[in-house]
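Asker: Generate coordinates for the entire structure from the input sequences, incorporating the hints supplied.
So the chains spell out like this:
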Amino acid sequence: MNATGNKVRVWDLPTRLFHWLLVAMFALAWWSAGHPQQLDVHLFAGYTIATLLIFRVVWGLVGSWHARFRSFAYGPKRVVSYLRDLFGPRTLHPVGHNPAGSWAIFAMLALLLAITLSGLVVLGGEEGHGPLAGAVTLETGIGWHEPHEALAWAMLLLVLVHLLGVAVESLLHRDNLVAAMISGNKRVAGAQPAIANHRGIAGFMAVVWLSATVIAALPWLRADEKHPYQPFKGATLPDNATWRSECGSCHQAYHPQLLPARSWRLLLAQQDDHFGESLGLDAATLAELMKFHVDNAADHPMMEAAWYVTHSLKPNETPLRITETPYWRKTHAAIPESLWRDPRVNGRGNCAACHSDAEQNTFTDSAMHLPRQN
Amino acid sequence: MRTMLKIVPLLALFGLPLAYADTVDDLLKGYQAQGASNFSAEKGQTMWTQKFNPPGSDRARSCALCHGENLKLTGKHAKTGKPIEPLAPSVNPKRLADAAEIEKWFKRNCTWTVGRECTPQEKGDFLSYLRKQ
Chain U
1 MNATGNKVRV WDLPTRLFHW LLVAMFALAW WSAGHPQQLD VHLFAGYTIA
51 TLLIFRVVWG LVGSWHARFR SFAYGPKRVV SYLRDLFGPR TLHPVGHNPA
101 GSWAIFAMLA LLLAITLSGL VVLGGEEGHG PLAGAVTLET GIGWHEPHEA
151 LAWAMLLLVL VHLLGVAVES LLHRDNLVAA MISGNKRVAG AQPAIANHRG
201 IAGFMAVVWL SATVIAALPW LRADEKHPYQ PFKGATLPDN ATWRSECGSC
251 HQAYHPQLLP ARSWRLLLAQ QDDHFGESLG LDAATLAELM KFHVDNAADH
301 PMMEAAWYVT HSLKPNETPL RITETPYWRK THAAIPESLW RDPRVNGRGN
351 CAACHSDAEQ NTFTDSAMHL PRQN
Chain Y
1001 MRTMLKIVPL LALFGLPLAY ADTVDDLLKG YQAQGASNFS AEKGQTMWTQ
1051 KFNPPGSDRA RSCALCHGEN LKLTGKHAKT GKPIEPLAPS VNPKRLADAA
1101 EIEKWFKRNC TWTVGRECTP QEKGDFLSYL RKQ
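Residue numbers (the numbering used here), protein chains in the order written: chain U, 1 to 374; chain Y, 1001 to 1133.
It should be emphasised that the hints constitute simulated quantities derived from the structure, not laboratory data.
In this text, a Cβ means the ideal position worked out from N, Cα and C, and glycines have one as well.
To spell it out: a stretch of chain U is covered by chain Y in this simulated footprint if at least three of its residues, at any positions, have a beta carbon under 8 Å from a beta carbon of chain Y; those stretches are:
hint: 1; region: 267 to 278
hint: 2; region: 337 to 349
Away from chain Y, derived, C-beta distances all over 12 Å, residues of chain U:
hint: 3; residue: Glu149
hint: 4; residue: Asp224
hint: 5; residue: Met368
Answerer: Next comes the structure, spelled out in structure tokens:
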């Protein structure tokens, strides 16, 4: 079939826009994943994908013929026979999705749904944001982090299968499927149902997406090094005036959430030799500090960093410095020695040099900004 | 009522320096009761920049190391680099207002800088110097 025949529209404009926006947003989500400062970029991509999925489901019910699920819902027998006949003399060549391709489409849609849902669970649990904030525990959020990533890898694998299928069919049938997804047209022999382009709906999609992009980008354009953009605020942690004034007068007031209770007990018991200094705290102040630290220690995590600090330690390890915990070492391993010595940073104890929420002690992913080095 | 409106800000303005004057006077009396003689602001000033090498110090320590030689300026913690608000009551009225706070810092900072707690005489000399700043 093939190089002869009439050129007819197969894919309407909204379907094509959906396809290429999805490609761009999946690439953006992949690129921004694992970069804490780009969490909002990742979420922009994720929310766009979720919106695209909702559109696609609706379009699969009410859209033009080849976009409808009904037009490419093939049973397993059709898939097997299609694949068997693929390299033989061909008799049937569907205009829209072929039986094997249709299964890849449904699988990708289902996977994307699972990825966005698991992403919302991670967001709600780890960061306390999004529609599931408050409904998901920290443990659940952290527990879904790896499945979320595994699902994304499975999606990447399916994309490769999809591309392979596109390449095979394009070559075997001399039918450039990539060009068809751009122009919307294929050469088809025989009469085919006329398909409307639905330009109005596509225009609406483009306007919505462009507006969302501008709104999401504005705070980034307004931010500078002194006023970094912090798209997410962490949970409000328990506070204590004595802790702020006593601990905070010589160094940053490190929140109890950053070390386990056994560390705080040992640290406060050694107040006569607090890293070479004698604190000389009276008994009442010491007791208040001890209670605040033990009650709110990392053993009962209220934020992501506390959970990881606790779980990176062996039960017999009692670090006296946050910088001695395996989690801190791991997350700060890539920072060059020259940056620690930079006068703007001045050592490993000055969290606020890079974490704009160090005062609140929440250490959210998006609040981290390394000072630029020359 | 109009007089009241004028007096209240005046009281607020003079109340703070008065408060720390009382606090420091009481402390000085207490030091004398502990055996100190007359206090000298000059001796306090000399000790401000005097260098000490208590056991465990890797460099000479002095009050000025963290607080700076000019008490009206912001200091910097020798180890953590955290800014320390000026000690001079003339620019920072919160200073010298709380006796317990003063004693806490004497205890902590004399121990670190000199290697022992300060004597009532030394503390009195210091406060006599500080209150003039």
